[in-house]
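Engineer: Residue-level listing of the chains:
Protein chains: 2
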Amino acid sequence: MIIVGEKINTSRTRIAAAVENQDSHFIGQIAIQQAQAGAHFIDVNAGTFLERESECLRWLVETVQNAVDLPLCLDSPSPQALTEAMKVHRGEPMINSISLETERLEALLPVVAGQPCHIVALCMAQTSMPSTVAERVEVGSQLIKHLTERGVPLERIYVDPLIQPVSVDTQMGGAALGAIQRIMAEFPGVNTICGLSNISFGLPVRRLINRNFLVLCMAHGLSAAILDPTDKQLMAALLSADMLLGNDEYCEKYIEAYQQGLITDR
Amino acid sequence: MIIVGEKINTSRTRIAAAVENQDSHFIGQIAIQQAQAGAHFIDVNAGTFLERESECLRWLVETVQNAVDLPLCLDSPSPQALTEAMKVHRGEPMINSISLETERLEALLPVVAGQPCHIVALCMAQTSMPSTVAERVEVGSQLIKHLTERGVPLERIYVDPLIQPVSVDTQMGGAALGAIQRIMAEFPGVNTICGLSNISFGLPVRRLINRNFLVLCMAHGLSAAILDPTDKQLMAALLSADMLLGNDEYCEKYIEAYQQGLITDR
Numbered sequence: 011m012i013i014v015g016e017k018i019n020t021s022r023t024r025i026a027a028a029v030e031n032q033d034s035h036f037i038g039q040i041a042i043q044q045a046q047a048g049a050h051f052i053d054v055n056a057g058t059f060l061e062r063e064s065e066c067l068r069w070l071v072e073t074v075q076n077a078v079d080l081p082l083c084l085d086s087p088s089p090q091a092l093t094e095a096m097k098v099h100r101g102e103p104m105i106n107s108i109s110l111e112t113e114r115l116e117a118l119l120p121v122v123a124g125q126p127c128h129i130v131a132l133c134m135a136q137t138s139m140p141s142t143v144a145e146r147v148e149v150g151s152q153l154i155k156h157l158t159e160r161g162v163p164l165e166r167i168y169v170d171p172l173i174q175p176v177s178v179d180t181q182m183g184g185a186a187l188g189a190i191q192r193i194m195a196e197f198p199g200v201n202t203i204c205g206l207s208n209i210s211f212g213l214p215v216r217r218l219i220n221r222n223f224l225v226l227c228m229a230h231g232l233s234a235a236i237l238d239p240t241d242k243q244l245m246a247a248l249l250s251a252d253m254l255l256g257n258d259e260y261c262e263k264y265i266e267a268y269q270q271g272l273i274t275d276r
Numbered sequence: 011m012i013i014v015g016e017k018i019n020t021s022r023t024r025i026a027a028a029v030e031n032q033d034s035h036f037i038g039q040i041a042i043q044q045a046q047a048g049a050h051f052i053d054v055n056a057g058t059f060l061e062r063e064s065e066c067l068r069w070l071v072e073t074v075q076n077a078v079d080l081p082l083c084l085d086s087p088s089p090q091a092l093t094e095a096m097k098v099h100r101g102e103p104m105i106n107s108i109s110l111e112t113e114r115l116e117a118l119l120p121v122v123a124g125q126p127c128h129i130v131a132l133c134m135a136q137t138s139m140p141s142t143v144a145e146r147v148e149v150g151s152q153l154i155k156h157l158t159e160r161g162v163p164l165e166r167i168y169v170d171p172l173i174q175p176v177s178v179d180t181q182m183g184g185a186a187l188g189a190i191q192r193i194m195a196e197f198p199g200v201n202t203i204c205g206l207s208n209i210s211f212g213l214p215v216r217r218l219i220n221r222n223f224l225v226l227c228m229a230h231g232l233s234a235a236i237l238d239p240t241d242k243q244l245m246a247a248l249l250s251a252d253m254l255l256g257n258d259e260y261c262e263k264y265i266e267a268y269q270q271g272l273i274t275d276r
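If you read the protein sequences in the order shown, they are chains A and B. Sequential numbering from 11 applies to the first sequence in the working numbering. Sequential numbering from 11 applies to the second sequence in the working numbering.
A pair counts as met if it fits within one copy or between any two copies, since identical chains are not told apart.
Here are the simulated SDA-like cross-link-like pairs (lysine to any residue), alpha carbons at most 25 angstroms apart as the crow flies:
hint, residue 1, residue 2
1, K155, T142
2, K97, L164
3, K242, G212
4, K242, L213
5, K263, S141
6, K263, L244
7, K242, R217
8, K155, A195
9, K263, V78
FYI, nobody ran anything at the bench for these hints, they're computed from the structure. Since the structure is predicted, the reported quantities are computational estimates derived from the model, not experimental observations.
Excised from the complex, chain A in its bound form (with noise of 0.2 angstroms):
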């Protein structure tokens, strides 16, 4: 599993008063952490500062990439932050996210196509929410055909479903647990990814919903998630499914989480 580190967004107040002082030792440590306890990628995203966004993201990802040794996931749906954001970052960002929808898709296409990077499908068509398995599978081969021709390996492709609450629609769990199936066995080698939070909006007790939506979406071959690995009842779950799963040799790397007493069960 690839683990994309989701605290350092400023839709949480901490992190916007952070980004506000430029409290680029507050930040950093948030990214430690999430580096510490197992993130392969620290999401970024200032999307509510609104016009300050590009700026504000730019100063993320120098302060991040100043504290960890880590690629960063870029969050904002505006081309322009992202290409920006890209311009000062280190290695190889995942670029989160490109759409159907033809402005964000025509002015990211070429930016993404043009250098190293893992880029985030969200399974949004032009005009409306995806509902079913089909619109969601429809949406994604879309994107990674647009991709692809543009000479993007789908290794480096990451379709998100788009998760929505199942306190409006029961059958939401189900839509996108079956649209990373299909995806996952259509498409060889692509990568799937999800947050997990939407899906419980509106429910009591969240954390419990997202962690087990979290095991399910696994049970369906999903490679990756925006999730916060500090949580070590969500890692505990992670890590015990991915070693059922049979993702982990003679369950070594349980074992040693355990031993450094990050496998709980509360």
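Following the hints, put chain B in place on chain A, whose structure we already have.
Structural biologist: Just chain B now, kept in the frame of chain A:
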């Protein structure tokens, strides 16, 4: 999900003592707790009593059915103990289990085919434990054929893929999961069932592993499980997974369990 409460098993010291002392109050309480926690069947196993097994199992059947108004899961490898327990059971029991071992199969087939009951069909062949998905599906298919030829409907057959520890072979999780998926796909209407705890044998924090294995099994189509329904964390995982898989209209069961204090994140 069909839930079989596993707690009344004489391999547990306090249960063995209660059976020895004919403490029907204690046994009744354990049965009532499991019924209140959501069990659909109460498992009774007196295997440790060896030559007194039949007698003790009959006593358990009568004692538990005096306490709760539920069918029981009669749990023994001995055709004789099962046959005698069936005689005193009221309603339609679950017989746990039949297998492809000749002696067991020939003794039990006429008994189970003769009266309404549910049957656990263990994927165990004459000579050896199954290892691969294919071996499990092969043994399961043969058992289904034997039972349906005798007039047992698919809906009353519960194929148990036989769980083996991932600590012995990390492919054992996938082998059971793959078998569940294929058996459910190839025999629409049939049930699959398993106990959880073998999977984690030899590893630390076993309840965590068992719980996540249950969620993975559910993702692959498992329709019944032998478990401890009074384990709140396990039942919270089960209820959230069932909701996320689209089996809980309007999230009603999840929310109701939450309101009853049964949904816990710790």
